[in-house]
Amino acid sequence: MDLPGPIHDFLLVFLGSGLILGGLGVVLLTNPIYSAFSLGLVLVCISLFYILSNSHFVAAAQLLIYVGAINVLILFAVMFMNGSEYYKDFNLWTIGNGLTSLVCTSILVSLITTILDTSWYGIIWTTRSNQIIEQDLISNSQQIGIHLATDFFFPFEFISIILLVALIGAIAMARQ
Amino acid sequence: MMLEHILVLSAYLFSIGIYGLITSRNMVRALMYLELILNAVNINFVTFSDFFDSWQLKGNIFSIFVIAIAAAEAAIGSAIVSSIYNRKSTRINQSTLLNK
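As given, the protein sequences belong to chains B and V, one line each in that order. Going by this note's numbering, the letters in the first sequence line up with residues 1 to 176, in that order. Going by this note's numbering, the letters in the second sequence line up with residues 1001 to 1100, in that order.
Derived from the structure by calculation, the hints contain no laboratory data. Backbone N, C-alpha and C fix where the C-beta goes; we use that ideal spot for every residue, glycine too. Please note: incorrect hints may appear among the correct ones.
What the hints assert, rightly or not - Capping the alpha-carbon separation at 25 Å, the derived lysine to any residue pairs in SDA-like fashion look like this:
(1) K1058(V) to A1070(V)
(2) K1058(V) to A1068(V)
(3) K1058(V) to I51(B)
(4) K1058(V) to T126(B)
(5) K1058(V) to E1004(V)
(6) K1058(V) to F153(B)
(7) K1058(V) to T100(B)
(8) K1058(V) to H147(B)
(9) K1058(V) to I1037(V)
(10) K1058(V) to S47(B)
(11) K1058(V) to Q143(B)
(12) K1058(V) to V44(B)
(13) K1058(V) to L111(B)
(14) K1058(V) to V1041(V)
(15) K1058(V) to I159(B)
(16) K1058(V) to I124(B)
(17) K1058(V) to S160(B)
(18) K1058(V) to G145(B)
(19) K1058(V) to N54(B)
(20) K1058(V) to F154(B)
Unchecked claim - Here's a subset of chain B near chain V, in silico, CB distances under 7 Å, partners left out:
(21) G16
(22) V58
(23) A60
(24) I74
(25) V78
(26) N97
(27) I107
(28) I112
(29) I115
(30) W120
(31) T127
(32) I144
(33) F152
(34) A170
Working from the sequences, and respecting the hints, build out all of it.
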């Protein structure tokens, strides 16, 4: 989005803190309904991130599909569980939990060091100099539509078949 | 600096998702953490497509496919949860209960 610099930075910091708190809430809250709602907060923050990154179609798709369908589905599945089952899945701090947190922290630290060591602006400079400079009369959603209909036609049709098969499978499974 | 901040955020979400996925004893929570992982990957794709590929938007299109696949997998996962729960509880080490 073409926002002035400080507003853009403020929105990034705001959404980033929402993401961090929401991510902690999904892991640390023991009540599964609270953690499902915290997952919903994470998904909405990610959708606003996409609006800031000029990807309006993916932002709308994220809001409709992830928040509106997948999160609701997860809430339905959470409400299947009895109240007596809430307290059975305590995160009792076993040795496995500690080892996993160590491994995940090391993965995070190695990813962060790799990200901060890569020279991104060299890559931006070389890719921008290769692209044809033209006026963007075509908006982002129209561009995605053009590419889905021409270059990515086969994955587009194939994914509709995948969704059909998944729905038939889910219905056949839930009927028993 | 903005690109690196967003990538660090997505790495944070990814590692939280992996931690939760390995240590969750409940299948519904495992579904939630799997969605976190897929969303972290999506943030990466969309950010790279915004910074490097504003003309062809390949990252955006791939993230649309990832969203669709995640929807299909969430539907099947909750169908499995409901059919396991009809027999017993949703603890994940009792998945042999799907056998007839």
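Consistency of the hints with the structure:
no.	hint	verdict
1	K1058(V) to A1070(V)	18 Å, holds
2	K1058(V) to A1068(V)	16 Å, holds
3	K1058(V) to I51(B)	17 Å, holds
4	K1058(V) to T126(B)	18 Å, holds
5	K1058(V) to E1004(V)	20 Å, holds
6	K1058(V) to F153(B)	13 Å, holds
7	K1058(V) to T100(B)	34 Å, violated
8	K1058(V) to H147(B)	8 Å, holds
9	K1058(V) to I1037(V)	20 Å, holds
10	K1058(V) to S47(B)	18 Å, holds
11	K1058(V) to Q143(B)	10 Å, holds
12	K1058(V) to V44(B)	23 Å, holds
13	K1058(V) to L111(B)	23 Å, holds
14	K1058(V) to V1041(V)	14 Å, holds
15	K1058(V) to I159(B)	16 Å, holds
16	K1058(V) to I124(B)	16 Å, holds
17	K1058(V) to S160(B)	19 Å, holds
18	K1058(V) to G145(B)	12 Å, holds
19	K1058(V) to N54(B)	14 Å, holds
20	K1058(V) to F154(B)	15 Å, holds
21	G16	6 Å, holds
22	V58	5 Å, holds
23	A60	11 Å, violated
24	I74	6 Å, holds
25	V78	5 Å, holds
26	N97	5 Å, holds
27	I107	5 Å, holds
28	I112	6 Å, holds
29	I115	5 Å, holds
30	W120	5 Å, holds
31	T127	5 Å, holds
32	I144	6 Å, holds
33	F152	6 Å, holds
34	A170	4 Å, holds
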